[in-house]
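Peer 1: Chain residues, written in single-letter form:
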Amino acid sequence: MNSQVFNSLNTQLSIRVFVGMLLLSTLIVLGAYTLAFDDTQRDAQQQVSELVDAMEYSAAIALYASDAQIADDVVRGVLRGSYVASVHLRNGRGLDVKIAKYPDSSEQPVVRRGLNSPFDSSESVGVLEVSLHPPIIRQRAAASAKKMAIALSSIVLLPTLLFWLIISRLITKPLLDLSQQLSMITPGTEQRLRLTKRPQRDELTNLANDVNALLSVAALSLRKERRLRLHIEALEQQYETIFTQASTGIILLDQQGHCLIANPAVRQLFADWRDDVQSVFSLLTHWENSLFFEPAEFCGLVKNALATHNPQARDLRLKRKTGEQQDWVHVLISCHPNPEQMHIAECLFLDVSNRKQQEDEARFQSQHDALTSLLNRRGLEARLNLNYVARDNDNVTLLLLDLDRFKQINDQWGHLAGDKVLIEVAKRMKALVRGIDLLARLGGDEFLICLHGQPNPQALQQFLLRLIVAISRNVDLGDAHHDYVGISIGAVQYPQDGNDLEDLLQKADAALYQVKHNGRNGYCIYTEQALVPVLFARD
Amino acid sequence: MRTVAKFLLMLAILWSHTGLAQPRIAIIVHPQCSFTHLSIKQVVDIYMGRLLSLPDNHIPLPLDQQGGSPLREQFYETLTDRPLAHINAYWARLMFSGRATPPRMLPDSLSVLQVVSQNRDAIGYVEDEKVNSSVRVLFYLE
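If you read the protein sequences in the order shown, they are chains P and V. If you read the first sequence in the working numbering, its first letter stands for residue 100, the second for the next number, and so on. If you read the second sequence in the working numbering, its first letter stands for residue 68, the second for the next number, and so on.
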């Protein structure tokens, strides 16, 4: 506060003016004293000289006549002079009068006057010596200098004061006023500078007006900015809400796979999520190792998106498992340029576990037989396409199977018993085939077994025999009833018997027909030559 | 022309004679006076009361003429080359202090001659034509 007062324009101005004035006055006083001292000294000499002049005749008479009385009068007369310290009158003929007003001192200047006879100007009769008293001279000089200094100082002081007052009133005070007003004004408000008692338009008024104009402009732009900011804040709020409330997990990744930001949904989606992963740890590495079932896939998607700038989308399976249900997320990766001209990948994770499960169920149902849970025809075709036909070098043996006596069982024991027979047959077939082999119910009592690889004829025949034996065993129909079915099998081999599934099935069907036609419960392996069925009697 | 010049010259000479009508003044002392050689300065000092004693313990006795006489005025003015008023002022100043006395005044030159002739220490002044054998002239003032 003190330094603020000290730094203020008014104080500075006052200090400078007064210090300057003080210096000037000091110089004036010094000059005045010197002048006055010289003046006084000259004045003293003059005065003494005049005194001596006045007394000269009497002194000459006193010396001429050696008259002590007159000499005494003369000396006392001269001693009246205010600057005179002592007077000495002597003639060398016995007259010697000396009277001192002040004690002698070496510094006393002396006025010496030789005196001549009153009757003969050429005859010297004696000498009159007058010593001056310097302290008196100094005292007088000081007094005179004081007067002069006071006079001169007031000549300096009064105009300076006047000047200071005018400056202060005309410039400093209004400036101070303006500065105080300006410091009180909050930009953006309707407050403006006001100059009072200034009728004429001078620079200060112009300054105030200019500042006011600036304030108006500032207020306008501040209002605009405030509106804009409010708008932006609202938008940000909305986006923030969208971001945090979204059930979709959102993650932004930089080029190196570092997580820039992740929303709360991500944490719910990934139970394994750790917050420290977000910033420092490479998300890709982390996820490759822990989160995704097939980590390379996610990595590839991100890299693709960053390389091609095209959005990538896929369903990905997570390692995490809740109960028996598999977790799937739909990942949508799009690439955005960020302010630093580096692209960042925006990854959206949509929990699609339920949909995926429903899809899986639907696919299962569409590809499987509801009764036996074996593949149906469509499922088989899909599997064959996927697993076999696509592989050029693989050999596959297709067995087309048809139950014998199934119609009779249906008629005799009812459809439920028929279903039980079908389920049991499917179970027995399943027990005989390997995991990589396919088992399908093509419809009714028709089945298909797809054996991977090409067994040698003996092994195939043995397998077919085991199959026929297994299937034709008695089936428990419930309520202590038993019955049995037979099985007819037509076998074809891919690729030597055909390339097309339809064609292969037709050929297998032809072989099967041979078995049926010739007595049932047997098999026939397709050849280009005559089809020879191998039949087995029950028991 | 020549006659006019001669006349003017004669007039001038005549005028100048009447201008020098002032008499010479003789400084006189007793014929057996001890101080036969006094300078003008010594005479001044004696008359102005400065020289109060002469060698051989003689105390000179200056005699003055009656105040207001032209002879006195001429004497002082010739002797000191100062107006008489100056001399009067001098004596006024000295007399004020009460120590010195101006020379004794005598009524006329005859009295002066008589006193001088009777007093060995006296000294006086008279017109030169009045000088007689009873006194001795020290010198003349011109």
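Derived from the structure by calculation, the hints contain no laboratory data. Bear in mind that the values here come from a model prediction, so they are computed numbers and not experimental data. Where hints are given, some of them may not hold.
Pairwise CB distance ranges (calculated) [to be verified]: (1) K108/V x A250/P: 55 to 61 Å; (2) A167/P x D188/V: 24 to 30 Å; (3) P234/P x E144/V: 47 to 53 Å.
No residue lacks a Cβ here, since even glycine has one placed at the ideal position from N, Cα and C.
Peer 1: Take the C-beta atom of P234/P and the C-beta atom of E144/V, compute their distance, and say whether it sits inside 47 to 53 Å.
Peer 2: holds (50 Å)
Peer 1: A range of 24 to 30 Å was offered for this pair. Does it hold for the Cβ distance of A167/P and D188/V?
Peer 2: Since the Cβ atoms of A167/P and D188/V sit about 26 Å apart, the hinted range of 24 to 30 Å holds.
Peer 1: Is the distance from the Cβ of K108/V to the Cβ of A250/P consistent with 55 to 61 Å?
Peer 2: holds (58 Å)
Violated hints are absent here; each numbered hint is respected by the structure.
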